[in-house]
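Residue numbers (numbering that gives the first Met the number 0), protein chains in the order written: chain A, 0 to 458; chain B, 0 to 429; chain C, 0 to 271.
Read the hints as simulated data drawn from the structure, not as lab findings.
Do not rely on the hints blindly, as some may be mistaken.
Okay, derived cross-link-like pairs now, DMTMM-like style, lysine to aspartate or glutamate, Cα gap no bigger than 20 Å in a straight line [as the list claims (entries may be wrong)]:
1) 118(B) / 393(B)
2) 36(C) / 77(C)
3) 96(C) / 29(B)
4) 96(C) / 172(B)
5) 36(C) / 417(A)
6) 154(B) / 393(B)
7) 118(B) / 133(B)
8) 268(A) / 77(C)
9) 307(B) / 393(B)
10) 112(C) / 342(A)
11) 118(C) / 342(A)
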Amino acid sequence: MTGYLFLVILALSLAAFHVGRTTAKSFVSAQGAQLHSRPVYHGAFAAVWVGLPASVLVVLWLLFQDTIIDHLVLASLPASMTEGASASRLSLYISEIRNVASGRIFTEPSPEIRTAAERLQSWQAIARWAMVVVTVAMMVLALYLARARMAPGFRARQSFERTLDIVMIASAAVAIFVTGGIIVSLTFEAMQFFRLVPLQEFFFGLNWEPQIAIREDQVAGTGAFGAVPVFTGTLLISAIALLVAIPIGLLSAIYLVEFAGECVRGIVKPVLEILAGVPTVVYGFFAVLVVAPAIRQAGSMMGIAISPNSALAAGGVMGIMIIPFISSLSDDALRAVPQSMRDGSLALGATRAETITRVLLPAALPGIVGGILLAASRAIGETMIVVMAAGLTATLTANPLDSVTTVTVQIVTMLIGDTAFDNPKTLSAFALGLVLFVVTLYLNVAALRIVRRYREKYE
Amino acid sequence: MSGAAPTVPEPFDWSSPQAAARRRRRYAADRRLRIYGLVSVLVAVGLLGILIASLVVGGYSAFVQTHIAVEFTADPENVPAGDPTSGNYRAVITNAVQQLFPELESRSELRTAGDILSKGTANMVRNHVVANPELVGRSFTLEVPASDPFDQLNKGVIDRNLPEDRRRVSDFEIGLFESLEARGLVSTLFNWALFVNSDSRFPELAGLAGALVGSFYALLVCFLVSFPVGIAAAIYLEEFAPKNRWTDLVEVNINNLAAVPSIVFGLLGLAVFIQLFGLPRSAPLVGGLVLSLMTLPTMIIVTRAALKSIPPSVREAALGIGASRHEVILHHVLPLALPGILTGTIIGLAQALGETAPLLLIGMNAFLTTPPGGVMDPATALPTQIFIWADSPERGFVSRTSAAILVLLGFLIVMNAIAIHLRQRFERRW
Amino acid sequence: MNMLAEAAVEDAINRDSARTETVKMQASGVNVFYGEKQALFDVDLAVRKNQVTALIGPSGCGKSTFLRCLNRMNDTIDICRVTGSITLDGEDIYDPKIDVVELRARVGMVFQKPNPFPKSIYENVAYGPRIHGLASSRSELDAIIETSLQKAGLWNEVKDRLNEPGTGLSGGQQQRLCIARAIAVSPEVILMDEPCSALDPIATARVEELIDELRENYTIVIVTHSMQQAARVSQRTAMFHLGRLVEEGPTGKMFTNPEDKRTQDYVTGRFG
Numbered sequence: 000m001t002g003y004l005f006l007v008i009l010a011l012s013l014a015a016f017h018v019g020r021t022t023a024k025s026f027v028s029a030q031g032a033q034l035h036s037r038p039v040y041h042g043a044f045a046a047v048w049v050g051l052p053a054s055v056l057v058v059l060w061l062l063f064q065d066t067i068i069d070h071l072v073l074a075s076l077p078a079s080m081t082e083g084a085s086a087s088r089l090s091l092y093i094s095e096i097r098n099v100a101s102g103r104i105f106t107e108p109s110p111e112i113r114t115a116a117e118r119l120q121s122w123q124a125i126a127r128w129a130m131v132v133v134t135v136a137m138m139v140l141a142l143y144l145a146r147a148r149m150a151p152g153f154r155a156r157q158s159f160e161r162t163l164d165i166v167m168i169a170s171a172a173v174a175i176f177v178t179g180g181i182i183v184s185l186t187f188e189a190m191q192f193f194r195l196v197p198l199q200e201f202f203f204g205l206n207w208e209p210q211i212a213i214r215e216d217q218v219a220g221t222g223a224f225g226a227v228p229v230f231t232g233t234l235l236i237s238a239i240a241l242l243v244a245i246p247i248g249l250l251s252a253i254y255l256v257e258f259a260g261e262c263v264r265g266i267v268k269p270v271l272e273i274l275a276g277v278p279t280v281v282y283g284f285f286a287v288l289v290v291a292p293a294i295r296q297a298g299s300m301m302g303i304a305i306s307p308n309s310a311l312a313a314g315g316v317m318g319i320m321i322i323p324f325i326s327s328l329s330d331d332a333l334r335a336v337p338q339s340m341r342d343g344s345l346a347l348g349a350t351r352a353e354t355i356t357r358v359l360l361p362a363a364l365p366g367i368v369g370g371i372l373l374a375a376s377r378a379i380g381e382t383m384i385v386v387m388a389a390g391l392t393a394t395l396t397a398n399p400l401d402s403v404t405t406v407t408v409q410i411v412t413m414l415i416g417d418t419a420f421d422n423p424k425t426l427s428a429f430a431l432g433l434v435l436f437v438v439t440l441y442l443n444v445a446a447l448r449i450v451r452r453y454r455e456k457y458e
Numbered sequence: 000m001s002g003a004a005p006t007v008p009e010p011f012d013w014s015s016p017q018a019a020a021r022r023r024r025r026y027a028a029d030r031r032l033r034i035y036g037l038v039s040v041l042v043a044v045g046l047l048g049i050l051i052a053s054l055v056v057g058g059y060s061a062f063v064q065t066h067i068a069v070e071f072t073a074d075p076e077n078v079p080a081g082d083p084t085s086g087n088y089r090a091v092i093t094n095a096v097q098q099l100f101p102e103l104e105s106r107s108e109l110r111t112a113g114d115i116l117s118k119g120t121a122n123m124v125r126n127h128v129v130a131n132p133e134l135v136g137r138s139f140t141l142e143v144p145a146s147d148p149f150d151q152l153n154k155g156v157i158d159r160n161l162p163e164d165r166r167r168v169s170d171f172e173i174g175l176f177e178s179l180e181a182r183g184l185v186s187t188l189f190n191w192a193l194f195v196n197s198d199s200r201f202p203e204l205a206g207l208a209g210a211l212v213g214s215f216y217a218l219l220v221c222f223l224v225s226f227p228v229g230i231a232a233a234i235y236l237e238e239f240a241p242k243n244r245w246t247d248l249v250e251v252n253i254n255n256l257a258a259v260p261s262i263v264f265g266l267l268g269l270a271v272f273i274q275l276f277g278l279p280r281s282a283p284l285v286g287g288l289v290l291s292l293m294t295l296p297t298m299i300i301v302t303r304a305a306l307k308s309i310p311p312s313v314r315e316a317a318l319g320i321g322a323s324r325h326e327v328i329l330h331h332v333l334p335l336a337l338p339g340i341l342t343g344t345i346i347g348l349a350q351a352l353g354e355t356a357p358l359l360l361i362g363m364n365a366f367l368t369t370p371p372g373g374v375m376d377p378a379t380a381l382p383t384q385i386f387i388w389a390d391s392p393e394r395g396f397v398s399r400t401s402a403a404i405l406v407l408l409g410f411l412i413v414m415n416a417i418a419i420h421l422r423q424r425f426e427r428r429w
Numbered sequence: 000m001n002m003l004a005e006a007a008v009e010d011a012i013n014r015d016s017a018r019t020e021t022v023k024m025q026a027s028g029v030n031v032f033y034g035e036k037q038a039l040f041d042v043d044l045a046v047r048k049n050q051v052t053a054l055i056g057p058s059g060c061g062k063s064t065f066l067r068c069l070n071r072m073n074d075t076i077d078i079c080r081v082t083g084s085i086t087l088d089g090e091d092i093y094d095p096k097i098d099v100v101e102l103r104a105r106v107g108m109v110f111q112k113p114n115p116f117p118k119s120i121y122e123n124v125a126y127g128p129r130i131h132g133l134a135s136s137r138s139e140l141d142a143i144i145e146t147s148l149q150k151a152g153l154w155n156e157v158k159d160r161l162n163e164p165g166t167g168l169s170g171g172q173q174q175r176l177c178i179a180r181a182i183a184v185s186p187e188v189i190l191m192d193e194p195c196s197a198l199d200p201i202a203t204a205r206v207e208e209l210i211d212e213l214r215e216n217y218t219i220v221i222v223t224h225s226m227q228q229a230a231r232v233s234q235r236t237a238m239f240h241l242g243r244l245v246e247e248g249p250t251g252k253m254f255t256n257p258e259d260k261r262t263q264d265y266v267t268g269r270f271g
């Protein structure tokens, strides 16, 4: 249905283009007038005015139709059912009504639900047809208005280009909307969470046991939302990752920029690019299948008991993931140091190593630090590796052989399966998400600023 | 140090033993750094090698599947000629197993023997008979996939020499399987099921078709949204935007969005697309929208780079003969920048294809046995399917996970190869 | 240029005659290849002790390449290959036994663009003595730095701000800082690759004066684009063209009475 409607919009836009162009041509042939804009712009003008508002309307309609109808249906339920009902109760009603309406009947529904389902069906049908009628009517009206404005002197090109400008500005603004959307939605849900759980418990509490019941019949813990062990777990795993990645990444960058021949670079750089392009879920599987068992085995050979979800395994593999990142950013930073610095140092009789450690690294330090900050932000926000290889229980420990959990792991576990947006378990994911977003945002801004200032220095 | 007349040190004696020793130390330090660097490079390359090798070793066996040639008889007693769909195919299979092993008498032994065949055999036979109704009342031979333990046994993953209590198949079962082998009924065929079937609880039947279709729809949505929006935004920022606070804000925003953890986009998708707009969970539409928001910064950045690489002389030439600024961009700059933009788009889509975390949050990790029919149907995607399989305990899923990863990596390599090819083919030096 | 140059030339001849002519560095049959391309053809040139030798010639003639051969800076370019022999005090510097680190300490170099390290003024000058271990104590190092900065004529300008970054100095000061940096390792020869091309005329005059003073203690080879400069600061001049050494001789003779037509055309400004 919707697909056909879009086809209709496309067809009518093309028709409008044709109408616009032929009208403009007829001005020339019939009146011998001098056109301000070429006929093709008259066509484009008409097509844009017919197609664009209609498409926007349909998208908005589709986005809000269900929410509005749901509200109407809920409002039409007898007051005895809705009064005092929790949000999750209401959403259960809605899904039951939807199921009944689409014919998926599992248990015999109550008569109220059945009538509500019928109402839902009829309203949906009305809404669908209303959408088609309104859209088509709008397009016809738009075509009429566009046609009415056309005249030999009509500045169709300017008008069309102004529309293009609006489309482009709107597109550029999407980036702002996305950031805004992230901030607003995370803050909104996090505020809901902090209404249920006090701020100080979340930020200073040492106990994280969020597995509380979402439905009344579930067996679960009583719940505690002290996120400190989650934060420390994140920091522990990220620190391990950086400890693995920084030396290897930095030293390989040094080797590639300062020592390696063209041939070695030609092989190693693509290899690092491949490492960078491997999806994180693959690293996660690698951690579970290869690295964690290997670490455990090594531990048992030395007589140390190592958790199967040790922070070491997750952090180590995350480190592997970050190596190419650090290496390529350090590579850029080292390359940005002018050749004259190298020459100056070498001409004084410094060895390569002295040139690198005493001149190049200090000179490239801001770039490298920026890269490390970006890498840290990436490690903190990395999800799949830790979801697959790190633990679920939050323990407050600094022992890399223990199992710890991270912010991202908790977000995923809270949101896979049942979700209810009035339950602290679900909402805690958004609070964690907000913390994650703020921290990574801070790191990114700092890193980008350092890197940019550094680039300016040598340009 | 100021004030006192500087004392000039003695001319340095380069040939003194101290100088020589010092030089040796310095060269040793030089060599050390070089060796550390080389070792680091080798570690990085070696880790990739281990990664790929472990996947290939673990996954190659999943590209083949043990099949057993079984003769079935669709006797009219079990399969009504008029309505083959409603036949009792379990009985057909039991008869076929009895025929395979006439020596077995007890029902439990027969059931054990029947377990050599995949749980999906009944479905296969039914589909075969429904497709060929003339088979009712006749016998026919089908290559039926072996169930997971026997597939593993045949591939040598299960060691027949281990004591019986330490392996998943009993001596009796091995005996049955070996008798099939001796009769030449066991064959190892290419595992088409991996690409034709959707997910299944049984490893021998599980395939990636659903995930591939789901990923396709999600990427399609992602492309349809991020490509036009990305190009329009990039053109505006690069060619039209005035330098002011507002555009600065947009730029900072875009750079930051590119580094926001992907899971945050998943939270956004969950809160906005599903919770606020009421779009269906697990739908490729939502997945694609979330991916498009993630890809958008990349798209904008690469498009701007492509536009920037077009020299101003092109613009000036077109402006000079009276084209409007919009015409210059649409007719001249954009076509010239298109190869660069396409290259970036493909790389962006390749990133989106591997993205997992946000898809988990919007529920694209459902267990689904049929491919989605459209962008609104519940679906999985290739990386989420890998995640689901990696969590499954059956031995057969381990190799299938590796195989699925190899398929995913294969797609990524193809996409990147196309991008590199495009870049080399159309790269222009101005 | 004539009036000016002639005066300078006269001056140079006078200075020249007073000097002993010990050969410090001798190049014989030097060929340089960048990959397949040959950049220098069979160059024979003697660099005399405590004299300033100027290398002149049009762009791309190989003079900078030759200069970089003298302290083996060409080694840092992978595809570069040098044949023939260059000696320093009779020792072949391309001999495998020769230590390039020592060589570069003995044959210092100053570049076209001032390239102070992004460190303090003090650290810039201290860099060489530190890596070579020339000073055994802090006070010795301080002394080296003060002497070097004084010899480079920079001491009075920077003595109160030794801890400020070297990159904060003006262009001419930066170049003199680089000269001080080179002097700090007490080299025997200083190579200068168009040291004034990035400086304004006043800074250039200051550096030229400095070069003349440095001649007392060091042997200097300078590549320059400016004929006046060659005439002003050098005792001997070598003219390069298309990778070949066209002519070499006392500066005065080179500018007044060159043997080769190409030299004459070049010094009189017919090409280049």
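Would the hint linking residue 112(C) and residue 342(A) be met if the CA-CA limit is 20 Å? Distance of about 11 Å is within 20 Å: holds.
Given the hinted pair residue 36(C) and residue 77(C), is their Cα-Cα distance within 20 Å? 14 Å, holds
Residue 36(C) paired with residue 417(A) [C-alpha distance capped at 20 Å]: 72 Å, violated
Straight-line Cα separation of residue 268(A) and residue 77(C) no greater than 20 Å? 19 Å, holds
Given the hint that residue 118(B) pairs with residue 393(B), test it: the Cα-Cα distance must not exceed 20 Å. OK: residue 118(B) and residue 393(B) at ~14 Å, within 20 Å.
Is it true that the CA of residue 96(C) sits at most 20 Å from the CA of residue 29(B)? Roughly 18 Å separates the two Cα atoms, so the pair holds.
Given the proposed pairing of residue 118(C) with residue 342(A), does the C-alpha separation stay at or below 20 Å? Satisfied, since the Cα-Cα distance of roughly 16 Å is no more than 20 Å.
Hinted pair, alpha-carbon criterion (20 Å max): residue 154(B), residue 393(B). Please report holds or violated. 15 Å, holds
Is residue 96(C) within 20 Å of residue 172(B), Cα to Cα? Measuring from Cα to Cα gives roughly 76 Å; hence the hint is violated.
CA of residue 118(B) to CA of residue 133(B), is that 20 Å or under? Distance ~25 Å between residue 118(B) and residue 133(B) Cα, so the pair is violated.
Satisfaction of hint between residue 393(B) and residue 307(B), Cα-Cα up to 20 Å: Violated, at about 53 Å.
Of the numbered hints listed earlier, those contradicted by the structure are 4, 5, 7 and 9.
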